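Input sequences plus hints: build the corresponding full structure.
In order, the protein sequences belong to chains W and B.
Numbering-wise, the first sequence is residues 1294 to 1628 according to the numbering used here.
Numbering-wise, the second sequence is residues 1294 to 1628 according to the numbering used here.
Treat the hints as calculated values from the structure; they're not laboratory data.
Since we're looking at a predicted model, the values are computed, not measured.
Where a beta carbon is used, it is the ideal one built from N, C-alpha and C, also for glycine.
Mixed in with the good hints, there may be bad ones.
What the hints assert, rightly or not - SDA-like, lysine to any residue: derived pairs with alpha carbons at most 20 Å apart: (1) W:Lys1503 - W:Pro1531; (2) B:Lys1313 - W:Gln1441; (3) B:Lys1313 - W:Phe1443; (4) W:Lys1302 - W:Lys1530; (5) W:Lys1530 - W:Leu1497; (6) B:Lys1313 - W:Thr1444; (7) W:Lys1313 - B:Arg1440; (8) B:Lys1313 - W:Ala1377; (9) B:Lys1302 - B:Gly1364; (10) B:Lys1313 - W:Lys1616; (11) W:Lys1313 - B:Thr1444; (12) B:Lys1313 - W:Val1442; (13) W:Lys1616 - W:His1381; (14) W:Lys1313 - B:Gln1351; (15) W:Lys1313 - B:Lys1302.
Stated by the list, open to error - One-sided and incomplete, this derived list gives chain W residues near chain B with beta-carbon spacing under 7 Å: (16) Gln1441; (17) Pro1445; (18) Ala1446; (19) Asp1593.
Number of protein chains: 2
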Amino acid sequence: MTARRGARKLRLHIENFRRKAEIFHITPERYAAAARRHRALARRLDVTIGWDGDIVEQALREADVAIGVPGRRERLRERAPQLAWIHHPSAGVDPLMPFDWLPADMVLTNNRGVHGAKAEEFIRMAITMLHTRMPEVIAQQHARVWRQVFTPALAGRTALVIGLGDLGEGAARAARQLGLTVIGVRRNARPCRHADRVHTFRALDRLLPKADFVVVAVPLTAETRNLLSRERLELLKPGCGVINIARGPVIDNAALADKLAAGTLGGAVLDVVDPEPLPPDSALWDVPNLVITPHISCDDGDDYVALTLDRWFENLARFLQNKPLANRVNRTLGY
Amino acid sequence: MTARRGARKLRLHIENFRRKAEIFHITPERYAAAARRHRALARRLDVTIGWDGDIVEQALREADVAIGVPGRRERLRERAPQLAWIHHPSAGVDPLMPFDWLPADMVLTNNRGVHGAKAEEFIRMAITMLHTRMPEVIAQQHARVWRQVFTPALAGRTALVIGLGDLGEGAARAARQLGLTVIGVRRNARPCRHADRVHTFRALDRLLPKADFVVVAVPLTAETRNLLSRERLELLKPGCGVINIARGPVIDNAALADKLAAGTLGGAVLDVVDPEPLPPDSALWDVPNLVITPHISCDDGDDYVALTLDRWFENLARFLQNKPLANRVNRTLGY
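Here it is as structure tokens:
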């Protein structure tokens, strides 16, 4: 290990998936641009870039580090005897769970930190759209009806932000900037400087009735699946707006649709659904007062790869100095 | 005059219009609530409240001041021999022009200052919606198509705010807060603390090609009618977003629709159209990448009357002290 991290070059394999949107592709050009920004570190790497497994087997045989988790993961230690660190270039590792494929001595990191700025923008928009009753206004436009729908000032309302990672912090910043009281919920009650107060999940049932807006920003894990269940959705006050930028299965979307159709919520913005892509025959598409956005809330369309690689190179410096890596995924918690 | 403003009570007539939305109605309850906040001033008033002209003739015969411009305005001095001041409880006085009905010794004021906070909220939403390509996303939802549309970070772009009154200042504040460079345009180049720079209208043709977002926030006057003409719209850069919170006729909406249909603009949000209500058979309703909102951008749905009356009472204090009134409408400029 020590020798590898010293003199000889490290082998980095970058694995791309064409089914992912183009903004996520780590092309040779994008890699080269990042390497120019991190010249000294990049000089210590030999890099292969593969697509959909085309060169993955031979690359893994020699790879020390990887960006992109291979599609085939069985017997990974055998296939990649030197691989010490895999970076997953997304925030959510839920598609990689359970982690039974991950060798005990292999570190998995995620892309935490790349999404907060766009999440903040999106939440600012989504809260204001719900407050302004834009779902209703949009429906009126479609029906060619011009009827005034007035709303009071937004400031002073309460946002409940569930999950205070990179996305949730962005959401809290946005809500605070809009003049809202921000209540955060996460595993521990550690304070967040953008939230007025932070509680653990144990307080959730008590907090849901206080919210004018609920923002869901937790990773999808065994604990968070169906977190906003039908029973919990019943705790929301009439007129509450619900925003999901996490993962579809965190909310019981059928129950949410029922409440929206019944008019007992103000509206909802779902940037994530289940499954994605949402099939054309899904019942969600025309639920009243629901805006569906296609999983775009937190990804920078110009700079996603640049932001990813800049953070990865910072982590590479830690790796080369045998320091603990940032953004290590906890195998038990699942994020 | 001096005697009237001294000892005896002033006669205030408040004229309401049922065709206006309920939030604008100065009901006895809303007046009483404001009077409690301005007790000393209110004690000096005798108040009549009328609806659609029901008591307007007898009220005008004795009125010293009025809130709400009577529907019938001919021979106003004869009908209202003592009337010294009329307050128009809206920002735009365009429906009252030309001012040939307004006696030379009668002061007309408008509601400037009541709209800025909501305008700021609306512009923050509208800019972010256009940047996030929400018109396209909304159309996709309607067509049951889930297709990712990514966008870069918003900060660093340029907003051109045309008109820097109460609404335009709110727009400038919003754009600045979103991290945009803000260029303002108004009659004089007087600086605005929320704009990076301010130009006169003479610079408009030179500035339009620089804008990523154009916000129209001017009063409708002879000078601003068709300000964004077909020729001027041609000066906008591809992808530019257009937002109108002023009055419909300030933009050549047919030309705007042509450009939107041709895909040579990013999108538009029109909170004002011409006529209003927009008739069901208008060609505007389904123009691609156009969001139509029903003249809701700048009016507080809970507190419009309270905000109006609070400012009016402040002006009443000036009136009673024979000081110049705030928000006097310039008969020549038309705002």
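Could you work out which earlier hints the structure fails to respect and list their numbers in ascending sequence? 4, 8, 9, 10, 14, 15
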